[in-house]
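One line per chain: the protein sequences are A and B, in this order. Here the first sequence stands for residues 1 to 328, numbered as in this note's numbering. Here the second sequence stands for residues 1 to 334, numbered as in this note's numbering.
Note that these hints are calculated values from the structure, not bench results. Don't take every hint at face value.
Said to hold, decoys possible - Only some residues are given here: those of chain A computed to face chain B with a beta carbon under 7 Å: (1) G68; (2) K76; (3) A79; (4) V191; (5) M192.
Built from N, CA and C at the ideal position, the CB exists for glycine as well.
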Amino acid sequence: MRMFNCLALGAGLLATPLAVPAHAEDAKVAAIVKGLDNPFFQTMQKGIEEQAKADGVGVTVQAAANMGDATGQADKLTAMALQDYDCYLVNPISVSNLVQALVPVAQKKKPIVNIDSTIDADQAKAAGFAVSTYIGTDNVAAGALAGEEMLKLVPKGSKVALIAGIVGDVGSNARTKGFKQAVEGKLEVVVMVSADWDREKALTAATDILAAHPDLAGFFAANDIMALGVERAVQTSGKDVKVIGLDGIVDALKSVAAGELTATVAQYPYVVGAMGVEACKLAAMGKELPANVPAPVLLINKDNAEASLKNFPRPGGDYPDPLREMLK
Amino acid sequence: MSVPADNAPASRQAGVREESRPSLAALLIDPSFWADWASVVGLVGLVILFGVTSPVFLSVANMQAMLLAAAILVVLSIGQTFVVATSGIDLSLAASVMLGAVILGLVHAAGLGIFAACALAVLATSAIGFMNGVLITAGRIPDFVVTLGTLSGITGLGLILSGGEPTMVGSTFLLKLASGYLGPFGYPVWVAIAAVLVAHVALYHTRFGVHLLATGGQAESASALGIRTNRVKIAAYTISGFCAGIASILLVARIGSAEPQINTSLLLNSVAAVVLGGVSLFGGRASILGPAIGALMLTALVNGLTLLSVSAFYQPLAVGVIVVLAALIMRYQK
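This is chain A alone, in the form it adopts within the complex:
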């Protein structure tokens, strides 16, 4: 809540002035997400559609043809911008590909709710608009959560290794940064390698690291796919080394429940989509939106893995949602 309060303060400065508020009941939301060839965005779409149904708002979800279809996504948004929607929910492929397509939306003074991937604020400003709100996972906080769990699992001063994604990837950098900050001065990070989000590469890298550091106590992998690869390497070595992943995909939850993977930090594309719809509903009611809303990240270990699996793609337990509070 403390975090939310200071965010709400910032929101006052950035919140978009809204045109005559429509009735929330007949609000129509246009959503455009990234490629539906990825389960992450399919789950997000499900969250958008189910929340819209629950909230009684109409929604149309469109998506890019694939993750490289930056112009196609812009074309579809351009088409939707011409139609009479009350709110636009956008998850852009890149920080700039939807900027031009959003100009007519901003001219009509319709709220723009940015979810998951950010739109570059400077380019938006140059084009003459600002998004009404941003809802997404804080990757640094998610990495820190993994770091805190690692601190509980291994003795102080233990050696840990980090498996990062593609070199230079913003998400991977933020996640490893969060982990490092959380364990700084308490654990020794002996090595960090890049395994390109690939299970096989992570397995090979972990095998090598285990050979080089026989006294290693734990691994943190920047996503679950790599964590599962690392876990296989640990199993083969027969050692008791803790492995923590990040994302909360089904395979990882199953592995945690089976006692293989130690833990994972789950983020919820379903909730990100659902919160986006809540933001649109709030905007339609004429409420001012906070500029930045963090989506929940939850730590999943053996205790709550079963519950998480049962509720997937929803979180296993209750989670903080400032937008839901505002709707009450």
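On the provided structure of chain A, position chain B as indicated by the hints.
For chain B alone, kept in the frame of chain A given last:
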């Protein structure tokens, strides 16, 4: 104008009418007519269908947006047409666009100015086209294999040069290019129109055009007649590369950054537009307007389906069905 000059076209026109009048009904049941005009018939059909079902579709704003969205594909389809006319195929087209964009971004980031960046991007993609042509003709390797190879090679090159990361291109010139209007059309549309005109003249009113079609249709007879078919092929691939360069500038202008990601739908749609445009995949028969209208039609299809809130899953299916149908009709071409 003098009287005879006025009379001449009139009499010619009358002649045409006399010829076509008895065949008008026959024309409609002649599959060859539908094959030749597949893209136009398709476009008109889609415009009517979407115009009736979606009130926004026929609005001026949507038409303008659609033309803007189609500009990149139109330019690429023209490049692909030149290659297909020689009975080849350029699978490296979308990868070339990516490489052009990456080079544009890097040169601009290095502070060499936007015009140098654009020029170098076009130069690089043209060079790739040239290289494709040389490998195919001098190396005697099938077009498909060479361009498949360069597709992968260029993908790697783009990733190496860019380090896998997008480069922002904040240029007022490109911003104006992407969002400015001259008359009813945005600048990218004018670029596409210019490309269509130049290509049309090159294909139908120059010796090169005749040689190109001869090379594609009857390569052996063409070389027997003294046409240097290898040079013609290399030229066709270089033109394709040049078009990829122009498209990369339009792309960077449109999305504001240079990204090392290949948009595979651009490649597939460029081939689809060529097929819809009635260009024979066996070479020797081509038009420029046909593929341009084919590209417009594919853009209109996605635009209309989006307006009708059809799920994104069904859109590639619709494109696929239409392309295969067009190819089927093409069998009846004379």
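Right, here's what the structure says about each hint:
no. : hint : verdict
1   : G68  : holds, 4 Å
2   : K76  : holds, 5 Å
3   : A79  : holds, 4 Å
4   : V191 : violated, 22 Å
5   : M192 : violated, 18 Å
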